[in-house]
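Here the UniProt record's numbering is used: position 129 in the sequence shown is 129, and no number is missing along the way.
Because the hints were derived from the structure by calculation, they are not lab data.
There's no promise every hint is true.
Said to hold, decoys possible - No more than 27 Å apart at the CA atoms, straight line, and that leaves these computed lysine-lysine pairs for DSSO-like:
(1) K7 x K30
(2) K13 x K30
(3) K154 x K34
(4) K10 x K45
(5) K45 x K30
(6) K34 x K10
(7) K45 x K8
What the hints assert, rightly or not - If you anchor each label on the Cβ, the simulated ranges turn out as follows:
(8) K8 x T172: 28 to 36 Å
(9) K45 x K142: 39 to 47 Å
(10) K15 x W176: 45 to 53 Å
(11) K142 x K7: 40 to 48 Å
(12) G115 x T163: 43 to 51 Å
(13) R29 x Q136: 15 to 23 Å
(14) S94 x V169: 25 to 33 Å
(15) F104 x H126: 34 to 42 Å
Since the model is a prediction, treat every value here as computed from it, not as a measurement.
Built from N, CA and C at the ideal position, the CB exists for glycine as well.
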Amino acid sequence: MSTQAIKKCKTEKGKDMLSYEGYIYTLERKTDIKLIFRCQRRDCKGRCHTNPTMDAILSGPTEHCHAPTPDLVPVFELKSKIKARAAETEEFPSTILHSAMRSFPLDAAGQLPQGDTLLRTIRRQHPAPSTNNDNQLPDNLKQTDRGENFVLHKDEKLIIFTTATNLSVLKTCKHWFVDGTFKVKKKKKTSN
């Protein structure tokens, strides 16, 4: 029974994962008395058994067919950290990523995914604004932070977002440049 350097983290899908002696294991099965982990690499037959709280190795790791990759552990920890922070806060993705990268070890930087990939991971964790059953926007999205009405016009096909202050600014401008998104929703096909 060993307690040497067990690091716990989560997979991308939120399942238990651990690192021990430079190898990364994902949870394969649970029993009442132990957890059985297998090597993260699919072609490897390495296994280890821990107690249910993942504090101690009950059965030492079996042989692996590859070298240990201790540099991957900080990458998984970083991903877990940014996902949790993105789900809890409304910070910008770049802010979350930069603050998490400050404590990232430089010797593991070669194992990091590209910055765009990490930013996409963060954006996917932010909860999407919900509509109620009548497809109405929630009240917090109908007003600005200053309390001004933000929905100028709304019907089945069109929503115009602006404030009275923004319209008064536009009145003073000589040139307007406009962009729009058209044909976002495909028409339903009908069969003859």
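Against the structure, the hints come out as follows:
1. K7 x K30: 18 Å, holds
2. K13 x K30: Distance of about 17 Å is within 27 Å: holds.
3. K154 x K34: Answer violated: K154 to K34 is near 58 Å, above 27 Å.
4. K10 x K45: 21 Å, holds
5. K45 x K30: Status holds; Cα separation ~18 Å.
6. K34 x K10: 18 Å, holds
7. K45 x K8: 20 Å, holds
8. K8 x T172: 28 to 36 Å: 59 Å, violated
9. K45 x K142: 39 to 47 Å: 57 Å, violated
10. K15 x W176: 45 to 53 Å: 52 Å Cβ-Cβ, so the 45 to 53 Å window holds.
11. K142 x K7: 40 to 48 Å: Since the Cβ atoms of K142 and K7 sit about 46 Å apart, the hinted range of 40 to 48 Å holds.
12. G115 x T163: 43 to 51 Å: About 34 Å separates the Cβ atoms of G115 and T163, which means 43 to 51 Å is violated.
13. R29 x Q136: 15 to 23 Å: This hint is violated: roughly 46 Å between Cβ atoms.
14. S94 x V169: 25 to 33 Å: Since S94 and V169 have Cβ atoms about 28 Å apart, the given range 25 to 33 Å holds.
15. F104 x H126: 34 to 42 Å: 21 Å, violated
Violation of the numbered hints given earlier is confined to hints 3, 8, 9, 12, 13, 15; the remaining hints are satisfied by the structure.
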